[in-house]
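Given the coordinates of chain A, work out where chain B should sit on it, guided by the hints.
Number of protein chains: 2
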Amino acid sequence: MIKIGIIGYGNLGRGVEKAVNAAADMELAGVFTRRDPKSLHPVSGAEVYSVEELEKFAGKVDVMVLCGGSATDLPRQTAEYVKLFNVVDSFDTHAKIPEHFAAVDKAAKKSGKVGVISVGWDPGLFSAARLLFGSVLPDGKDYTFWGRGVSQGHSDAVRRVSGVKDARQYTVPVEAAVARVRNGEMPELSTREKHLRECFVVLEEGADAARVEKEIKEMPDYFADYDTTVHFISEEEMQKNHAGLPHGGFVLRSGSTGENKHLLEFSLKLDSNPEFTGSVLAAYARAAARLSAEGKCGAMTAFDIPLKYLSAYDDAYLLAHLL
Amino acid sequence: MIKIGIIGYGNLGRGVEKAVNAAADMELAGVFTRRDPKSLHPVSGAEVYSVEELEKFAGKVDVMVLCGGSATDLPRQTAEYVKLFNVVDSFDTHAKIPEHFAAVDKAAKKSGKVGVISVGWDPGLFSAARLLFGSVLPDGKDYTFWGRGVSQGHSDAVRRVSGVKDARQYTVPVEAAVARVRNGEMPELSTREKHLRECFVVLEEGADAARVEKEIKEMPDYFADYDTTVHFISEEEMQKNHAGLPHGGFVLRSGSTGENKHLLEFSLKLDSNPEFTGSVLAAYARAAARLSAEGKCGAMTAFDIPLKYLSAYDDAYLLAHLL
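Note that the protein sequences, when read in sequence, are chains A and B. Numbered according to the working numbering, the first sequence spans residues 1 to 323. Numbered according to the working numbering, the second sequence spans residues 1 to 323.
I should point out that these hints are in silico values taken from the structure, not numbers from a laboratory. Do not rely on the hints blindly, as some may be mistaken.
Straight-line Cα separation of at most 25 angstroms, SDA-like style, residue types lysine to any residue; simulated pairs [unchecked claim]:
1) A:LYS296 / B:ASP304
2) B:LYS141 / A:ALA24
3) B:LYS261 / A:SER256
4) A:LYS296 / B:LYS296
5) B:LYS269 / A:PRO187
6) A:LYS141 / B:LYS261
7) A:LYS296 / B:ASP315
8) B:LYS141 / A:ALA320
9) B:LYS261 / A:ALA243
10) B:LYS165 / B:LYS109
11) B:LYS106 / A:ASP315
12) B:LYS296 / A:ALA293
13) B:LYS261 / A:ASP315
14) A:LYS261 / B:ARG14
15) B:LYS109 / A:GLU294
16) B:LYS296 / A:LEU318
17) A:LYS296 / B:MET238
18) B:LYS96 / A:PRO306
19) B:LYS194 / A:LYS109
20) B:LYS269 / A:ALA179
21) B:LYS261 / A:GLU237
22) A:LYS194 / B:SER267
23) A:LYS261 / B:GLN152
24) B:LYS141 / A:ASP315
25) A:LYS261 / B:HIS242
26) B:LYS3 / A:SER256
27) A:LYS109 / B:ASP304
28) B:LYS110 / A:LEU318
29) B:LYS141 / A:GLU294
30) B:LYS96 / A:TYR317
Here the structure is a predicted model, which is why all the values come from computation and not from measurement.
Just chain A, same shape as in the assembly (with noise of 0.2 angstroms):
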């Protein structure tokens, strides 16, 4: 059984806590939290320990799993705890990401562990799709759509413009758009082109609706680049529509071989974003552990590992009935 720890008890940790009870292959040392352990009631039953007794568990996890957010916490905890466990994060800053895989590289190059990075869904498993559709169809281009979903940063961004009481913001992509790539004309597709931003707001008691609006609309990076609408709703609308976190998207290449076209398509539509990427983060887990076990040490990334080590299946199995 691969032994795996889970730092940060949010909704990811809550993801990669039940896809770990899933998996025959694995079972739960523990959650780690920065927060009163005696505070936390994980779902499984699972122990919770404070984040300072970490260092009691070397030798003891096979996997530490890292759920904090890729803004403060994994930029100084992936490459920290790599001294000491096997870790695995699904670090999300594209533009920081040379810089992270070059920390916890050489943290785990020093200390033999395996740091797996950047493994969620988008960077990850639709990283994966890029790189394979640009290397089997060289001459083409990529396009990355995201959507319908609810992108967390936004929704937080617009929980903070003042008189707004609660906020929720889809990402959608504009089918139009989806549509001409898949049609093959290879279009070039400015930000606004390839994705709408539509906003859920409940307003706190008084609030001016057009002011709330125009900032929202304004927001610079957020929201001025896109063609944005703004719901207000009420609290319970709230409530019985918009408590999911769905989310998906595509990743799709066209592109040709001399006069033939060819079109390349990778898709995700998934009713629970972080249940989801909980779950592509135990599916790595199990493939640091088995590297580890090989004696391979690093960061490493979606791009650097073979495809088998994700899977509960043995060699002989996947020959057999998935190749």
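Below, chain B without anything else, positioned relative to chain A:
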């Protein structure tokens, strides 16, 4: 430059030739044939040699791409040629893959060469999708649909019916079945419910259309288990509308993490099956050359090879731009 040889110069061989010539890091060392070398005139002007001369190229070609058929050529050739060269094939008799792998592995471990087998799109890319999808969404069900596309085996079977001058057979996924899978219904689908077979037939003069149609539709293995339609067309129409070899398909996995449902899908839409397959083989030939340069040997499949080996880009580029 990676020096590539092509053994067998049919549609697939020409596809590999095109892909190798389009790649900046590969060059074509020659085409090898069992026919009279003087009878072949490769589009790219590549040199043509008899397979009898293969031994002379040991040490001068980095990877031989085997473009023969799975029925009789590859079961013999791959394990034989891996004694002298790194080789790549697209062996696609699913039921015999374990046996083929074992034979190639034994010979390759003895010679110290790399033998990459079964790396077209199915087996190959679709196999990779099935493995990846099953690993990240273990509680679910796989569906593979092929088409709409020309099946050369089925076209050949129709051509063997007496009275048939020429024929083209399209494998067509049943749209209603695909829709049910995409809808998360996880249906149990019979062979007949998954695919239709559509035949375009040019009759010999005086042949009995009704008898030909009956013989096609009742042919065991090929057609009896499917809803098959037969269209009789003129030679001109065959030339005009059915000269291409399009193909494609879908790998879907529908499943859940507890109460939340998820759908993963990988699809291909190919104007030319042999050109795209040739392009996939060229990417795996790059991987074979690199793995061999690292001292690896033995048989490998799409399950064993990290994706980064397929790409012409280096690790730093991939991390910064594709992850």
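Taking the hints in turn, this is what the structure says about them:
A C-alpha spacing of about 15 angstroms is found between LYS296 of chain A and ASP304 of chain B, which places the hinted pair at or below 25 angstroms, so the restraint holds. For the hint pairing LYS141 of chain B with ALA24 of chain A, the CA-to-CA distance comes to about 17 angstroms; that is within 25 angstroms, so the pair holds. Only pairs whose Cα atoms come within 25 angstroms are accepted, and LYS261 of chain B paired with SER256 of chain A is rejected, the gap being roughly 35 angstroms. Distance hint between LYS296 of chain A and LYS296 of chain B is fulfilled; the C-alpha atoms sit about 15 angstroms from each other, no more than 25 angstroms.
For the suggested pair LYS269 of chain B and PRO187 of chain A, the alpha carbons sit about 18 angstroms apart, so the restraint of at most 25 angstroms is met. With a CA separation close to 31 angstroms, the supplied pair LYS141 of chain A and LYS261 of chain B exceeds the 25 angstroms bound. With a C-alpha separation of about 18 angstroms, the suggested pair LYS296 of chain A and ASP315 of chain B falls inside the 25 angstroms cut-off, and the hint holds. The hinted pair formed by LYS141 of chain B and ALA320 of chain A meets the criterion: a straight-line CA distance of about 17 angstroms does not exceed 25 angstroms.
A hinted pair counts as satisfied when its Cα atoms are at most 25 angstroms apart, and LYS261 of chain B with ALA243 of chain A qualifies at roughly 15 angstroms. Taking the CA atoms of LYS165 of chain B and LYS109 of chain B, the gap is near 47 angstroms; set against the 25 angstroms cutoff, the hint is violated. Between LYS106 of chain B and ASP315 of chain A the CA atoms are separated by roughly 16 angstroms; this keeps the pair inside 25 angstroms, and the hint holds. Annotation: proposed proximity of LYS296 of chain B to ALA293 of chain A holds, straight-line Cα distance about 19 angstroms (limit 25 angstroms).
With a C-alpha separation of about 28 angstroms, the suggested pairing of LYS261 of chain B with ASP315 of chain A is violated against the 25 angstroms cut-off. Restraint check for LYS261 of chain A and ARG14 of chain B: satisfied, since their Cα atoms lie roughly 16 angstroms apart, inside the 25 angstroms limit. Between LYS109 of chain B and GLU294 of chain A, the direct Cα distance comes to roughly 19 angstroms. Compliance with the 25 angstroms bound is thereby established for this hinted pair. A distance of roughly 21 angstroms separates the Cα atoms of LYS296 of chain B and LEU318 of chain A; the hinted pair therefore holds under the 25 angstroms criterion.
Taking the CA atoms of LYS296 of chain A and MET238 of chain B, the gap is about 56 angstroms. The hint is violated against a cut of 25 angstroms. Between LYS96 of chain B and PRO306 of chain A the CA atoms are separated by roughly 23 angstroms; this keeps the pair inside 25 angstroms, and the hint holds. The suggested pairing of LYS194 of chain B with LYS109 of chain A is violated, with an alpha-carbon distance near 50 angstroms, which exceeds 25 angstroms. Annotation: proposed proximity of LYS269 of chain B to ALA179 of chain A holds, straight-line Cα distance about 14 angstroms (limit 25 angstroms).
The hinted pair formed by LYS261 of chain B and GLU237 of chain A meets the criterion: a straight-line CA distance of about 22 angstroms does not exceed 25 angstroms. The straight-line distance between the Cα atoms of LYS194 of chain A and SER267 of chain B is roughly 21 angstroms, inside the 25 angstroms bound, and the hint therefore holds. This hinted pair checks out: LYS261 of chain A and GLN152 of chain B have alpha carbons roughly 20 angstroms apart, not beyond 25 angstroms. The suggested pairing of LYS141 of chain B with ASP315 of chain A holds, with an alpha-carbon distance near 20 angstroms, which does not exceed 25 angstroms.
A C-alpha spacing of about 16 angstroms is found between LYS261 of chain A and HIS242 of chain B, which places the hinted pair at or below 25 angstroms, so the restraint holds. A hinted pair counts as satisfied when its Cα atoms are at most 25 angstroms apart, and LYS3 of chain B with SER256 of chain A qualifies at roughly 23 angstroms. Under the criterion of a C-alpha separation no larger than 25 angstroms, the hint pairing LYS109 of chain A with ASP304 of chain B is consistent with the structure, at around 23 angstroms. For a cut-off of 25 angstroms, the pair hint linking LYS110 of chain B to LEU318 of chain A stands: about 24 angstroms separates their Cα positions.
Restraint check for LYS141 of chain B and GLU294 of chain A: not satisfied, since their Cα atoms lie roughly 31 angstroms apart, outside the 25 angstroms limit. Restraint check for LYS96 of chain B and TYR317 of chain A: satisfied, since their Cα atoms lie roughly 13 angstroms apart, inside the 25 angstroms limit.
The structure shown violates the earlier hints numbered 3, 6, 10, 13, 17, 19, 29.
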